[in-house]
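A.B. asks: Taken in order, these protein sequences are the chains called A and B.
Residues in the first sequence are numbered consecutively from 1, following the numbering used here.
Residues in the second sequence are numbered consecutively from 1001, following the numbering used here.
Keep in mind that the hints were calculated from the coordinates and are not lab data.
Among the clues, some could well be false.
[As the list claims (entries may be wrong)] Derived contacts from chain B toward chain A, CB cut-off under 10 Å, selection only: (1) 1041; (2) 1042; (3) 1053; (4) 1054; (5) 1056; (6) 1060; (7) 1095; (8) 1125.
Glycine residues also receive a C-beta, built at the ideal position from the N, C-alpha and C atoms.
Spelled out, the chains give:
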Amino acid sequence: MTERTPPLHGVHEARGATFTEFGGWDMPVEFDSIRTEHEAVREDAGIFDVSHMGEIEVSGPDAERLMQRLTTNDVGALSPGQAQYAMITDEDGIILDDTVVYQLPDGSTHDAEYLFVPNAGHDEQMYDRWVSHRDEWGLDATVENVTDEYAMFAVQGPEAEALLLDAVADDKRTTVCDCSRFQAEAVSVAGVDSLIARTGYTGEDGFELVVPWDEAEAVWEAFDCQPCGLGARDTLRIEMGFLLSGQDFHSEDNPRNPYEAGVAFTVKLDTEFVGRDALERADAEGVEQKLCGFRLVDRGVPRHGYEVTDIDGDRIGEVTSGTMSPTLDMPIGLAYLPVEYRSPGVNVYVTVRGESKKAQTQALPFLDR
Amino acid sequence: MSFEVPEDCRYLDSHEWARSEDGTVRVGISDFAQDELGDVVFVELPSEGEEITKGDDFGVVESIKAVSDLYAPISGTVTAINDDLVDAPELVNDDPYGDGWMLEVDIDDESELDALLSPEEYGDQIA
């Protein structure tokens, strides 16, 4: 399969980035070092190229209805310029992907009412899902996969707002300052019509920008801060306990519902959506396992796929994500464990390359933000 | 990008180096290897007095993004390990041929060094 490349692949290459395959895309994984990039975002600011994220636009008289019925959150509660985090579940309530749904703001150059952002490599699958359900339900809505028309950047960190203020016209500075969390605005950035949203995947203040593919470079160059790769994106999100699609849940390899994954806040059972009835039952019955945070007490680094055992050596779960936390200087990880292990401070063991290492459950997020 | 390949070291194709100095042989990983791994956070080494065997793994290096076995470029008895790496594993990144060394070994057979890659051969391998 030919890998998809972001529009600024050559720019990143010239900057000395190393690349990795992710969800069918060849993306920068490291520009300088994960630690350097991670610290820049926590203390100053960093910019990520996240053009591997999908973009799907939905418009037409039944657009809201279609969005509502395919995502777990309450799309009806949105007004123009608002965004929400949501799960996309199947009939059994299993998470197929997580996404951010935007009701596009007035003045947006996007010719649609809604935009949603599936994860890398999921755009075609979600486009097909939206189209087939639209047809099945006989809804009047237009669905367009515009992933290859837009680049996406994330500017994150305590200095992110100041950097964005420098990149917009004077009369838009108030718009940027007033833009609250999960709000989106149509703003020209470095002279390029962009959608900005106060969202991110790092736990820091910051913005995500959706910009036309062909004009992406001017926007990228307008931010004089540390370029960051997927490596730092991963360590930053693990510190916050944020889910990574395909790793912390996977519809086939690790099927989980939103209650197990710790994202019950995205499920609005008083709305109608695929998976609702199954999730109502799961909510009533309770789940057997939940995503838990832990830290290794012994030396070592927990990684995806490592086994978690109890004190007797019996298997109780598996690490879905893990790293050495650069901010906490501590090995941390996420694992689905039986609910009795949920409270912080419970001793568990992680098998690191054949050796049982002592660990302790921790409250999520690992980092207070 | 070019990597440092000191003339006074010999190399294993898995990116470890060995250098003869004052009757002992020091072992570590190359500049190329530390760059590939990125930020080193943890190094697991054998204890003093343990035997290592050429080609066998003698330890583990963990970086934020990856974990990698360490392979012995020579056979012999470990006479010292670099204790500084316990609190400052980043020395492996900062100074892989100097302060980031890993082991000192009493080598069984000096000729094993000659069988390793020369700086020129190793330089070609990573070019």
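A.B. asks: All hints are to be evaluated individually against the structure, with a verdict given for each.
C.D. replies: The hints, checked one at a time:
Interface restraint check: residue 1041/B against chain A, minimum CB-CB distance 4 Å, threshold 10 Å, status holds. Hint status for residue 1042/B: holds, given a least beta-carbon distance of 6 Å to chain A, under 10 Å. A distance limit of 10 Å between C-beta atoms decides the matter here; for residue 1053/B the minimum to chain A is near 19 Å, and the interface restraint is violated. For residue 1054/B, the suggested interface contact is broken, since its CB lies about 22 Å from the closest CB of chain A, more than 10 Å.
Nearest Cβ of chain A to the Cβ of residue 1056/B: about 15 Å, over the 10 Å cut. The hint is violated. Because the closest C-beta pair between residue 1060/B and chain A is about 7 Å apart, less than 10 Å, the hint holds. Evaluation of the residue 1095/B hint against chain A yields a violated restraint, the C-beta minimum of about 15 Å exceeding 10 Å. The interface hint given for residue 1125/B is violated, since its Cβ lies 19 Å from the closest Cβ of chain A, which is over the 10 Å cut-off.
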